[in-house]
Structure formats: C-alpha cells, structure tokens
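Required output: the full structure, derived from the provided sequences and hints.
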Amino acid sequence: GNSVTQMEGPVTLSEEAFLTINCTYTATGYPSLFWYVQYPGEGLQLLLKATKADDKGSNKGFEATYRKETTSFHLEKGSVQVSDSAVYFCALSDLGSYKLIFGSGTRLLVRP
Amino acid sequence: NAGVTQTPKFQVLKTGQSMTLQCAQDMNHEYMSWYRQDPGMGLRLIHYSVGAGITDQGEVPNGYNVSRSTTEDFPLRLLSAAPSQTSVYFCASSGKIPGQANSPLHFGNGTRLTVT
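Protein chains in written order, with this note's numbering: chain A, 1 to 112; chain B, 1 to 116.
Just so you know, these hints were derived from the structure itself, not from any lab.
Glycine included, C-beta positions come from ideal geometry on N, C-alpha and C.
Incorrect hints may have been included.
Restraint ranges, calculated between C-beta atoms of paired labels, are given here [unchecked claim]:
id : chain 1 : residue 1 : chain 2 : residue 2 : range
1  : A       : N2        : B       : G40       : 30 to 36 angstroms
2  : B       : P39       : A       : K68       : 19 to 25 angstroms
3  : A       : D54       : B       : M19       : 25 to 31 angstroms
4  : A       : S3        : B       : Q57       : 38 to 44 angstroms
5  : B       : T70       : A       : K52       : 32 to 38 angstroms
6  : B       : T114      : A       : K68       : 40 to 46 angstroms
Reference listing, derived: stretches of chain B covered by chain A, where coverage requires no fewer than 3 residues with Cβ under 8 angstroms from a Cβ of chain A [stated by the list, open to error]:
id : stretch
7  : 37-43
8  : 70-76
9  : 84-98
Here it is, written out as structure tokens:
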C-alpha cells in the first residue's frame, strides 16, 4: 500500500542555518504531496503542496520539489528562525482518495 | 473565524468507561475525519465522512464509532475505553476530497486522551 517515510528527528539547528527534512514515498498512480506543520499545542496546518512531477511547492520561505524519479519530496529552507520550531509532516494522497497518508513527523528545534 | 473546534482539550478515563469527543466545523465542509496521533507513528485515520448521513472506516476503526447527523458535527465515540486508546485525537475537515490540491485538510487543536 501507499506509505510515507520521513527522517527521524529531532533536528536541532542554529538560527539562520539551512534546513532539509527528507521525505520519500511509495504509491501507485500519481499522488499529490503535502507538507503540514504542527506548532506546539495546535493542530496541523498545510504548509505547501505539489500535484505533479517537477512541481515546486513553496510558502513562508520553505520549498519542496516533487521528484517522481526518486519518489521524494524533501522540505528545505535557506535560513531557519526560532519561530520555525515545530513538527513537520509529509503526506500523500492519490487523486480522488478520501484520505491523506502521513509520515511519522520530524521535530525541528531551532536555537537562537 | 472558528474553523474546526474540538472539545474537550484533555480527558482522563478509566478502562471500560465511555465518552464522546466532539468536533464541529463552521466552514460548511462536506468531508470530515478523525485521526489519532501516536509517537513515532504519525497520524492514522480512524473514521471519515463525505457528507451528512455517510460514514466509513479508516485504517484503525476498532473501538470507535461515529455518526454524521449534520454537516457541522462529527462526534467520535469510545464505547469502552482501553489503555491502547491513549492518544491525541484530531478532527479535520475539507471542502472537497482531501487529496485534491485546492482542498487541504483543516485541523482542530486536538484532544489529549489518557486511559488508565
């Protein structure tokens, strides 16, 4: 079945460092891919999305490119801030599916 | 703008007790769902609904019941709580099928449930 694999956390960085959180997927067909972010004490919020191969999703300085050849959707940010500290979830859904499949989440801690 | 509202925020139950987790949304979304979040396992879908009167099982439905009598509300019932149901529960809604790019899931802030 479909699945999403994320890198283990926590990831600890200093402010202004470069961020990469790896995400790979297994799916039949052509899934849409998403990154969600969960701040402490809150629910998940959509961060960015991509619907087809080579699409780049971007928001708030974060980017991720849909790579079908490597089945990956890695999240990147050039310069992280303390306020980016959160848990990040990669997710996928086949077109027309009634559900999203989430990865296990990666906790990011950014130190001043 | 309330969005998705879950109550209660925290709950402690004894094994065998029953309770209902409430979820309401004010966005007129047709699709609603319940997920549980456990450490190292991400979010797993419990039940979902594509409209009033229609519900279906997700990947971990055992021990939970749902109903959808109105578009706004989608309560989750635990009939006989077990320690394995200790988790954080999230309700989420969407205007259309959640996999469509222009219809992301909107999440509530969660209910932290402990079963002793």
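Count the residues of the stretch 70-76 of chain B whose Cβ falls closer than 8 angstroms to any Cβ of chain A, and tell me whether that reaches three. The restraint on the stretch 70-76 of chain B is violated, since only 0 of its residues have a Cβ under 8 angstroms from chain A and three are required.
Does the Cβ distance between S3 of chain A and Q57 of chain B fall inside 38 to 44 angstroms? Violated - the Cβ-Cβ distance for S3 of chain A and Q57 of chain B, about 19 angstroms, lies outside 38 to 44 angstroms.
How does the Cβ-Cβ distance of T70 of chain B and K52 of chain A compare with 32 to 38 angstroms: does it lie in that range? 36 angstroms Cβ-Cβ, so the 32 to 38 angstroms window holds.
8 angstroms C-beta criterion, at least three residues: is the stretch 37-43 of chain B covered by chain A: Answer holds; 4 residues pass the 8 angstroms Cβ test.
Take a look at whether the Cβ-Cβ distance between N2 of chain A and G40 of chain B falls inside 30 to 36 angstroms. Given range 30 to 36 angstroms: violated, Cβ gap about 19 angstroms.
Residue count check for the stretch 84-98 of chain B against chain A: does it reach three with CB-CB under 8 angstroms? holds (count 4)
Given a hint of 19 to 25 angstroms, does the C-beta separation of P39 of chain B and K68 of chain A actually sit inside it? Once the Cβ atoms are compared, 31 angstroms apart, the range 19 to 25 angstroms for K68 of chain A and P39 of chain B is violated.
Could you check the hint for me, namely that D54 of chain A and M19 of chain B are 25 to 31 angstroms apart, CB to CB? 47 angstroms, violated
40 to 46 angstroms was suggested as the range; check whether the CB atoms of T114 of chain B and K68 of chain A agree with it. With Cβ atoms ~42 angstroms apart, the hint holds.
Of the numbered hints given earlier, the model fails hints 1, 2, 3, 4, 8; all others are met.
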